[in-house]
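Engineer: Quick mapping for you: the protein sequence lines, in order, are chains A and B. Residues 1 to 402 in my numbering are what the first sequence lists, from first letter to last. Residues 403 to 787 in my numbering are what the second sequence lists, from first letter to last.
Since the hints were derived computationally from the structure, they do not count as laboratory data. There's no promise every hint is true.
[What the hints assert, rightly or not] Where chain A lies over chain B, by a calculated footprint (3+ residues, C-beta under 8 Å):
#1 633-645
#2 768-779
[Claimed, not checked] Pair by pair, the computed Cβ-Cβ distance ranges are:
#3 B:Glu444 with A:Pro270: 35 to 45 Å
#4 B:Thr692 with A:Arg392: 19 to 29 Å
#5 B:Thr692 with A:Ala281: 21 to 31 Å
#6 A:Ser268 with B:His779: 42 to 52 Å
#7 A:Asn39 with B:Pro515: 21 to 31 Å
#8 A:Lys40 with B:Lys545: 46 to 56 Å
#9 A:Lys40 with B:Thr692: 27 to 37 Å
Quick reminder that beta carbons are idealized off the backbone N, C-alpha and C, glycines included.
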Amino acid sequence: MDLRFTPEEVAFRDQMRTFFRENIPADIRNRLGSGRHVNKEEWVESQRIMNRHGYAVPHWPVEYGGRGWSPIQLYIYNEEMMSENCPTPLPFNTHMVGPVIAAFGTEAQKAQYLPRIANIDDWWCQGFSEPGAGSDLASLKTKAVREGEEWVINGQKTWTTLGQWADWIFVLARTNPEARKPQEGISFILVDMKTPGVTVRPIQLIDGDYEVNEVWFDDVRVPYGNLVGTENRGWDCAKFLLGNERSNIARIGASKARLRRIREIARSVPAGDGALWDSEAFRHKVAAVEIELKALEMTQLRVVAAERDHGNKPNPASSILKIKGSEIQQATTELALQMAGPFALAYHDSNEEIPEGRNDLPDGFGWADTAAPEYFNYRKVSIYGGSNEIQRNIIAKAVLGF
Amino acid sequence: MDFEYSDEQRMLKDSIDRLIGPAYDDLGKRKATQAQGPGFSEELWSKYAELGLTALPFSEEDGGFGGGPVETMVVMEAIGRGLALEPYLASIVIAGNLLRLGGTAGQREACIPKIADGSLRVAFAHVERQARYDLFDVGTHAKKTDHGYTIEGDKSVVLSGDSAQKLIVSARTSSASRRDHHGITLFLVDADAPGISRRDFPTQDGQRGAAISFAGVDVPESAIVGTLDHGGELIAHVIDIAIAAVCSEAVGAMTSLHALTLDYLKTRKQFGVPIGSFQVLQHKAVDMFTALEQARSMTYFAAMMATSDDPRERRRALSAAKVQINNSAKFVGETAVQLHGGIGVTMEYRAGHYFKRLTMIQSLFGDTDHHMRIVDHAGGMLETV
Ligand SMILES: Cc1cc2nc3c(=O)[nH]c(=O)nc-3n(C[C@H](O)[C@H](O)[C@H](O)COP(=O)(O)OP(=O)(O)OC[C@H]3O[C@@H](n4cnc5c(N)ncnc54)[C@H](O)[C@@H]3O)c2cc1C
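Please construct the entire structure, taking both the sequences and the accompanying hints into account.
Structural biologist: Written out as structure tokens, the structure reads:
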């Protein structure tokens, strides 16, 4: 057993770090690092820079642009990217619809979609959840009926992340209402958002920003060929997609970046005759989160190493990555909120540019503006992607054998 | 020992609920109210006055009702339950009690009838950028002149300070040290006096606040509220009363949020059954209930102790109450959101609004670490009344 990276892996890490620092524009990284959001153009710009260098989809099969990296290299790449506050390539493109098309699509579909997905020429969104089908995804009601060479789609999706910016949506729709089990009559269908009958309504989240949407389908007609995989076997695609996230779901690099920022800022937050960082109680809380994070990093590395040695066999330890990763992310936002203290109260539109010299104004500290919105927003990470309660159910059954 | 409301207190509770409930039960209407005028309903504010709520804490000689902490608790709980936006905390509980306890006869005569009839709102300009939660960290100073004082300094996060017509501002009148509890004096000034500039902002929980600068603001000697150099004691007393009030508001908000969550657990179906049939969610709802009842008990303790004449005892008790409220508010708020799933993190549903208010209450007048330190320095809680 040797827990350290090999010299080659260390060299790879340095190479990644340098790449992200030198190629992804500093203003984008600074904005993300300070808890603000990047806009669509910046996100696209960042992913295209990565794609130009072969770094947008390194985990894909080599014939479609993947790099054939080891699981450890992929892990290092992800962590360095988050740790340098880069926008990650759009997950709906690179971790969801892309891998599904690569695994289940026809050659024609691969040729048509994959290059555009990698280069984010099309922005994709995920049309799975519905008002009545959240944790119980298989109860979804949106239906697609075949009429000649077309699908006719009717129904409603919700919580569609960044659907307001999307060009395409991949939809799970019921295509055989008579199937024996709810999972069995579902298909995975690609829909151009410009198709008549598609309506999008943004939903404001509690941080004040617009990040999710409701999407309605009213007699939406798309070619039959937009089906991916086998008709009525869409659940296989969905399962493949949801299980595909193991390497970066814990977002350890992002938590590290936030903790680093807290350590840095807390030294200059006035408290008493000194700084907040003088408070032992506060420092202990930071240390406690860092310790949990270290343990999670080790767990993550165990999972990654096992993947390298035994292939994609499910590893019991991997199931805790989502729960712990989300709890730690939330804990880092709580620390930032505590650090902001009374100055977290003022609300500023998070899309608004903070003018130079804003720190001189008496209402607080520029960095404090994002503390409460981030804390509010991050309640989502224990809800989406399979809520933490659902994760516990899965672990209880699959790992503990209940 | 009696934990029941009197008939009068119960009547007060019912009439406030009837007033606030319908005004804010629709989030669309609430949003429209936030966007207009001072960010709350002036019409509703005059109804608060008709009900006597704005006169509540003042003595009968001054034109008030002589209400105590229990009456304030009744009002603040209703405000918490209803997500009301009116500046009752800033204007009545804080500024009102500063005037009640420290105002000269002239100030009381000039202000209290107008506060009581709803026409005058006052805000307390106290917190400064460097002060964090230290009540006595005051860098703003007032220099003696021939005809009074000149005030110079910057105040941050003044609750409801954007639309108040008068301000009570704290300033240092003596002592070399910025953090000395001695040497602070309070002054009552018109908010539009020359030299005052305000920059207002919405708050995270949908209310309003302001950053206020005092650049050479001249005030006469008669503007002093309380005793020269002894403002610190007055501030400490009134902030303790304010802590009791936000404890009550938090209990109100938690009560509604818990009810909302229970209702959701019983009606939302997944996997063909109400999600409330999953035992793990029942237990979460039970833990919320426990946290809420612990908070309610500690709020009674806070209301009882807020009038204590022993400043040390009072401080310790109110700090202990604030810690309990903070812990309960965090747990109840976060758990309610989690149990709602996606709907819990949207602005289109009440749970998120309660969660945001409960979050902001946790840092109001001192966060958990701050108050824990006070309780610790006071020797813990075993030897208290
Ligand atoms: C910010 C955000 C972005 C999202 N983005 C997308 C997206 O892009 N595309 C998409 O398709 N979906 C998206 N989702 C939807 C997300 O996957 C669902 O919110 C999630 O599956 C939970 O479903 P629900 O919100 O309907 O909650 P519900 O399923 O109704 O759950 C409510 C509560 O009940 C609990 N619960 C449910 N079943 C059980 C059980 N069997 N045992 C114990 N507890 C249970 C849950 O854990 C939760 O606490 C997003 C959600 C959010 C909040």
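Engineer: Look at each hint and say if it fits the structure.
Structural biologist: Against the structure, the hints:
1. Counting residues of the segment 633-645 of chain B whose CB lies closer than 8 Å to any CB of chain A gives 0, which falls below the minimum of 3, so the coverage claim is violated.
2. Note: the segment 768-779 of chain B has 4 residues with beta-carbon separation from chain A under 8 Å; the three-residue rule is met and the coverage holds.
3. For B:Glu444 and A:Pro270, the Cβ-Cβ distance of about 37 Å falls inside the hinted range of 35 to 45 Å, so the restraint holds.
4. Between B:Thr692 and A:Arg392 the Cβ separation comes to about 21 Å, which falls inside the hinted range of 19 to 29 Å.
5. Taken as a hint, the range 21 to 31 Å holds for the pair B:Thr692 and A:Ala281, whose Cβ atoms sit roughly 25 Å apart.
6. A hinted range of 42 to 52 Å is violated for the C-beta pair A:Ser268 and B:His779, which are about 26 Å apart.
7. Take A:Asn39 and B:Pro515: their Cβ atoms lie about 53 Å apart, and the range 21 to 31 Å is violated.
8. At roughly 54 Å, the beta carbons of A:Lys40 and B:Lys545 sit within the given window of 46 to 56 Å.
9. Between A:Lys40 and B:Thr692 the C-beta distance comes to about 45 Å, which lies outside the given range of 27 to 37 Å.
Hint check: violations occur at hints 1, 6, 7 and 9; the rest are consistent with the structure.
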